[in-house]
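A.B. asks: Here is what each chain is made of, one letter per residue.
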Amino acid sequence: MRSPRVTLTLVAAGVLLSGCGEVPNGSVPLCLGPGRNAGSLILMAQSIPSAAYVPCISDFPAGWTFGGGRIRNGHTEFWMDSDRAGVAAVRVLLTRDCDHSNAVEVPPEAGEPLMKIYEEPIALPPTFSSNRYYVFAGGCVTYRFSFLRGATFAQAVEATKALTFVARARGVSLLAQEGVILCGRGVRCPG
Amino acid sequence: METIGHDAVPATELRAADERGPIRSKRQRRPSGRPPPLPRELGAGGMFWIGALVFLVAFTIFLLVTQVGNSFERQESVLSRWIAGWRTGWLNRLALIANGLGATVFTRTLRLGTIVALLVFRRWRHLIVFVVSLLFVAWLTNNLGTYSIRPRPFGARIIGGWEGSSFPSRPIAELSVALVGVLYTLVPRGRLRDVGKFVAAALLTALAGAEVYLALNHPADILFALVLGVGIPLVALRTFAPTSVFPVQYRKGRAAHLDVGGPRGAAIRQAVQDQLGMTVLELKPFGLAGSGGSTPLRLTVAGDPDRHLFAKLYAQTHLRADRSYKLGRTILYGTLEDEKSYNSVRRLVQYEDYLLLVMHDFGIPCAKTYGFVEITPEREYLLVTEFLEGGTEITEADVDDAVIDDALATIRRMWEVGVAHRDVKPANIMVRDGKIMLIDLAFAEIRPSPWRQAVDLANMMLVLALRTDPDRVYQRALRVFSPDEIAEAFAATRSVTMPSQSRNMLREHRKAGRDILARFRELAPQRPPIAIQRWSVRRIGITLAVAVGFLLALALIVDNLQTGAL
Numbered sequence: 001m002r003s004p005r006v007t008l009t010l011v012a013a014g015v016l017l018s019g020c021g022e023v024p025n026g027s028v029p030l031c032l033g034p035g036r037n038a039g040s041l042i043l044m045a046q047s048i049p050s051a052a053y054v055p056c057i058s059d060f061p062a063g064w065t066f067g068g069g070r071i072r073n074g075h076t077e078f079w080m081d082s083d084r085a086g087v088a089a090v091r092v093l094l095t096r097d098c099d100h101s102n103a104v105e106v107p108p109e110a111g112e113p114l115m116k117i118y119e120e121p122i123a124l125p126p127t128f129s130s131n132r133y134y135v136f137a138g139g140c141v142t143y144r145f146s147f148l149r150g151a152t153f154a155q156a157v158e159a160t161k162a163l164t165f166v167a168r169a170r171g172v173s174l175l176a177q178e179g180v181i182l183c184g185r186g187v188r189c190p191g
Numbered sequence: 001m002e003t004i005g006h007d008a009v010p011a012t013e014l015r016a017a018d019e020r021g022p023i024r025s026k027r028q029r030r031p032s033g034r035p036p037p038l039p040r041e042l043g044a045g046g047m048f049w050i051g052a053l054v055f056l057v058a059f060t061i062f063l064l065v066t067q068v069g070n071s072f073e074r075q076e077s078v079l080s081r082w083i084a085g086w087r088t089g090w091l092n093r094l095a096l097i098a099n100g101l102g103a104t105v106f107t108r109t110l111r112l113g114t115i116v117a118l119l120v121f122r123r124w125r126h127l128i129v130f131v132v133s134l135l136f137v138a139w140l141t142n143n144l145g146t147y148s149i150r151p152r153p154f155g156a157r158i159i160g161g162w163e164g165s166s167f168p169s170r171p172i173a174e175l176s177v178a179l180v181g182v183l184y185t186l187v188p189r190g191r192l193r194d195v196g197k198f199v200a201a202a203l204l205t206a207l208a209g210a211e212v213y214l215a216l217n218h219p220a221d222i223l224f225a226l227v228l229g230v231g232i233p234l235v236a237l238r239t240f241a242p243t244s245v246f247p248v249q250y251r252k253g254r255a256a257h258l259d260v261g262g263p264r265g266a267a268i269r270q271a272v273q274d275q276l277g278m279t280v281l282e283l284k285p286f287g288l289a290g291s292g293g294s295t296p297l298r299l300t301v302a303g304d305p306d307r308h309l310f311a312k313l314y315a316q317t318h319l320r321a322d323r324s325y326k327l328g329r330t331i332l333y334g335t336l337e338d339e340k341s342y343n344s345v346r347r348l349v350q351y352e353d354y355l356l357l358v359m360h361d362f363g364i365p366c367a368k369t370y371g372f373v374e375i376t377p378e379r380e381y382l383l384v385t386e387f388l389e390g391g392t393e394i395t396e397a398d399v400d401d402a403v404i405d406d407a408l409a410t411i412r413r414m415w416e417v418g419v420a421h422r423d424v425k426p427a428n429i430m431v432r433d434g435k436i437m438l439i440d441l442a443f444a445e446i447r448p449s450p451w452r453q454a455v456d457l458a459n460m461m462l463v464l465a466l467r468t469d470p471d472r473v474y475q476r477a478l479r480v481f482s483p484d485e486i487a488e489a490f491a492a493t494r495s496v497t498m499p500s501q502s503r504n505m506l507r508e509h510r511k512a513g514r515d516i517l518a519r520f521r522e523l524a525p526q527r528p529p530i531a532i533q534r535w536s537v538r539r540i541g542i543t544l545a546v547a548v549g550f551l552l553a554l555a556l557i558v559d560n561l562q563t564g565a566l
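Note that the protein sequences, when read in sequence, are chains A and B.
When we follow my numbering, the leftmost residue of the first sequence carries the number 1, and every step to the right adds one.
When we follow my numbering, the leftmost residue of the second sequence carries the number 1, and every step to the right adds one.
None of the hints are false.
To be clear about the criterion: a stretch of chain B counts as covered by chain A if any three or more of its residues have a C-beta under 8 Å from a C-beta of chain A, and this derived list gives those stretches:
1) 80-86
2) 142-153
3) 157-165
Partner residues aside, some chain A positions facing chain B, computed with beta carbon under 10 Å:
4) N37
5) A38
6) G39
7) Q46
8) I71
9) R72
10) N73
11) L182
12) R188
13) G191
Hints are computed from structural coordinates only; laboratory data are not their basis.
Built from N, CA and C at the ideal position, the CB exists for glycine as well.
Chain A on its own, in the form it takes in the complex:
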């Protein structure tokens, strides 16, 4: 039988050597749905309490995976990797404000939430790079496309279709049913 010291050492070594692992599902900001963990979405809503919407991933198109994310007060970002467009091919940012002065406004597509959309093309294929801004009450979501050489607009369309929004009001309502209060836009809290 191994001694506790050896076991502890092996555990520590395993931990230290396990730097490159799969990103677990708990941190993926999947849109609301049965069996889905809403922790990331709530945390995003808490990071920008004024935002009327938070971005989410409805489903991953073929070849796209969740790359990682960082949620902190005042700033949230996550990114998706593509087998064709590259690592962090799309970066999604949620902030209080955003500078879209160099972008042009485009009309929203049918069925999209009520918000203003701006496009800021930076580079055309073969090295596509572009910013898209969704400006709404109390917040702004930016999609930053930065594709590898050879990727096409088709990948941008795929990514855009995978990304959507959840209204804060819906989250507030669902959480209220659970007996907790999500402070922020439309809900005043003490302190």
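Start from chain A and add chain B according to the hints.
C.D. replies: Same frame as chain A, but now just chain B:
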């Protein structure tokens, strides 16, 4: 029917007194289940933190898999809301100041400061255990936060900066691991550490209070982080770098020497009494300067009259030193001789005890062994031998032809019976009544390689020449060794084959214009040097493994510095 009980004759009286103890009183067998003289040091504190860790893990799993979790969330939310109702301007400012204790800049300064201090004081063991604990806590905190993302407290406005999941509280985990690191690797045990524990508790309480007050974390997040941040480094340091074996001290002295006062001193007295039947009246360190490995002691035992015994305390540190030494030799030279390390302290001390008996039986002049006692099972043992009363180290003794002849005859005898000392140096040669005595047989070997026997001869001749002169020693050596044998000895000799004490003394003589080694080589018949490099697949494999391990460790450190885990 004959019964065996209290009236039975003690076993010791059934046999003639052997030579394994000068004074015999009642020995006592430790009954099963009774703790050893010096139990392992995890202590009540360590057990508490392990228990807390197990409880919290079980509790968290319980919350996650049952509906109780939602209720718990609601209760914590109610608490946050209630606390937020008491917020005032000055309390907010005070809480924000206290919250600064968890700022990355502060905790990182503490962590890196501790690492730098440990590097400066060359406390490698503490350093490794601390860094691994740090990385483990950072990894665990990060992964727990990623796998089970928990929102920040509901029902209250969040004040202050935060990042990532609320569970577990990262600032609390980072501060606590840093504080435990400072306390257990830099602050000596005693009053200073006790005061430090209060200070650390106060700092952690202040940060925890601020986190809850500002609605940055739930109480459960803080509690869990506290258990991780305190428990993991504390248990790791107590397990891998116990204070009794790796004391934090700033006085000069070799790290290998153990403190024989306090609980260890009492344990030694009890162990010698119970296991050898001798009553120790006094024990004190003896000849520490000449000992690089074990902790040498002089015991005064009760008798008529009282007498001195010599004892050597071996601990796991010595085992590891032996392993590192042999690993280093294997990488640098290959398998010159037996480079297999001992796999337990018990076997190391058992081996030396056995070697002393064998040497004694062969008529090699060495101290008589009285056996060894167990202080902590598999961790600490004490070898007890005769104390060479009146003996002086050869560097301080008169060395005449008789002493030279006796020393050389001892080597000859060792050649004949097939043993080697392997550490022939001034500190290991005592002179008493014109005769030499060899001490410290921990490295000795039965059936050594011819190369090693030749090296023993050269080392003995060098020691003798340090006290006299090479020509005289060479002439005396010709009485017991052939010129070819002496030539072989010096052909086998390299800087690495000489113990560092001899090497340093030879260097001093060389600086004074007296090159003893060169003179011996002039005197002996010419013979090409004997190669000491031994190449094998094993040596290449070990060297590559060590190199890869080193690079991996370096990469991990750089990566963790970049990500902020360190």
